[in-house]
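A.B. asks: All chains, full assembly: derive it from the sequences and hints.
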Amino acid sequence: MHGVCKVRQIFFFENGFYMSRVVLAMSGGVDSSVAAHLLLRDGHEVIGVFMRHGEASAAACRIDSDEPQNANPLNLPVLGESAGGKRADHKQGCCSATDAADARRVAMSMGIPFYSLDLQEDFRKIVDYFVDDYLAARTPNPCVKCNHWIKFGRLFDYADGVDAEFVATGHYARMVHANGRSELHRGLDGHKDQSYALFGIDPARLPRMMLPVGDFTKPEIRDMATSLGLGVSDKKDSQEICFVTQGHHSDFVKSRRPEMVGATAGEIVTTNGKVVGEHNGFEAFTIGQRKRLGVAMGEPHFVIRIEPDTRRVVIGRSEELLRPGLVADQCNWLVTPEELAEATSVGIQIRYNGQPHPGRVEIDASDPTQMKVMFDEPQSAVAPGQAAVVYDGERVLGGGWITHAIDHVADGAPPSV
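Quick note on numbering: our numbering labels position 362 of the sequence shown as 362, and the sequence is numbered without any gaps.
By construction, these hints were calculated from the structure, which means they are not laboratory data.
Glycine included, every Cβ here is placed at the ideal spot set by N, Cα and C.
Just so you know, not all the hints are guaranteed correct.
Stated by the list, open to error - Dumping the calculated BS3-like pairs for lysine-lysine here, alpha-carbon to alpha-carbon at most 30 Å:
| id | residue 1 | residue 2 |
| --- | --- | --- |
| 1 | K192 | K274 |
| 2 | K235 | K125 |
| 3 | K236 | K274 |
| 4 | K291 | K274 |
| 5 | K236 | K218 |
| 6 | K236 | K192 |
| 7 | K218 | K235 |
| 8 | K192 | K372 |
| 9 | K236 | K125 |
| 10 | K218 | K274 |
| 11 | K218 | K192 |
| 12 | K372 | K125 |
| 13 | K125 | K192 |
Claimed, not checked - Taking CB as the label site, the calculated pair distances span:
| id | residue 1 | residue 2 | range |
| --- | --- | --- | --- |
| 14 | D118 | P358 | 39 to 47 Å |
| 15 | D118 | T226 | 30 to 38 Å |
| 16 | A343 | S380 | 23 to 31 Å |
| 17 | H191 | R256 | 50 to 58 Å |
| 18 | T344 | M19 | 35 to 43 Å |
C.D. replies: So this is what it looks like as structure tokens:
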């Protein structure tokens, strides 16, 4: 059971806003920085929290000042206020020393408390998941897991400990509160929408979520940061896996599991079984991949599937990537079964930067953590390990993790050569 937030007094202002205590995840980027401004503008009491969960050394994010005794009621490892200064770890991800310093400077400029929590132990779960999935021939999505386990998991624990009613982030998604319900919707900026990555959140926590930037476009947020003089308005968005800062992801996997070097090597074959090459490890491949195949076929070929048992990587033409459906497990639903049944504009999104595709969702009545999806039109590169998120128009209904694509012939079973 999740902790229950204690009831606090609510203060009303002349402008009609009420003050709630809000714990805001501050990454040092433009989105969470502007989110802090928007929350303050609306009359909330904001506590900024930087979650250090990367591979940067503790010294890189070390604090110079002392912490108030009541800042860490759950005894989470606290690093305190970042001292600022130049980048100590040369990291480009979302948890570097420079990011901590940027977050602290923004918090100080707005006069809000700022704390840095050391969540490395929690984050090791995500790194292990990432490595294990690739070694099982799946394509992991660590950002979705991070949102579920850390950003809307451990951060809620911290919020409960400081009697905060709400938790906020700088995600491009929207919370819609109406008719006694709290709904997660796509962000206004379709190019930056991040609702896909939030499907795993505990539905009981939706009423306590705030997503202030979801009602704006990215250019509007940058303009706002510039007008406020925040100093992060031109900061680039993170485009990488925050803990894979150099080289290919397969190099990172091997560095974490050196005993597996060579153990995943095998053949590259076509869909008709012809051997056309060899590879050094199937963890370097993902469904739909075209580059770095290591073979010359005369026409474009793509990874159709990966077989961990035989260690074969199967390649084929683009049309061979098409699949009519998928099966997913570990489903999390943000709506009731009745609301799911009443959905009229169902779409299923199967990758982070994709779009929902019309289709039919079948839920196992005896086990709602399992679902089967049949698309109205076959979809390309359905990758095991990725999330399949179900929408009704703009609203996120829930989703699950793809176990396998449904083959053209074998309805609901993994294909085989």
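A.B. asks: Now, for every hint given, state plainly whether the structure supports it.
C.D. replies: Results for each hint:
1. K192 to K274: violated (42 Å)
2. K235 to K125: Holds, because 29 Å separates the two Cα atoms, which is no more than 30 Å.
3. K236 to K274: violated (45 Å)
4. K291 to K274: holds (20 Å)
5. K236 to K218: Holds. K236 to K218 sits at ~12 Å (cutoff 30 Å).
6. K236 to K192: holds (13 Å)
7. K218 to K235: holds (12 Å)
8. K192 to K372: holds (28 Å)
9. K236 to K125: Answer holds: K236 to K125 is near 27 Å, not above 30 Å.
10. K218 to K274: violated (48 Å)
11. K218 to K192: Holds: K218 and K192 sit about 7 Å apart, inside 30 Å.
12. K372 to K125: holds (28 Å)
13. K125 to K192: Holds: K125 and K192 sit about 27 Å apart, inside 30 Å.
14. D118 to P358: 39 to 47 Å: holds (44 Å)
15. D118 to T226: 30 to 38 Å: Holds, at about 32 Å.
16. A343 to S380: 23 to 31 Å: 24 Å Cβ-Cβ, so the 23 to 31 Å window holds.
17. H191 to R256: 50 to 58 Å: violated (33 Å)
18. T344 to M19: 35 to 43 Å: holds (39 Å)
Consistency with the previously given hints fails for numbers 1, 3, 10 and 17, ordered from lowest to highest.
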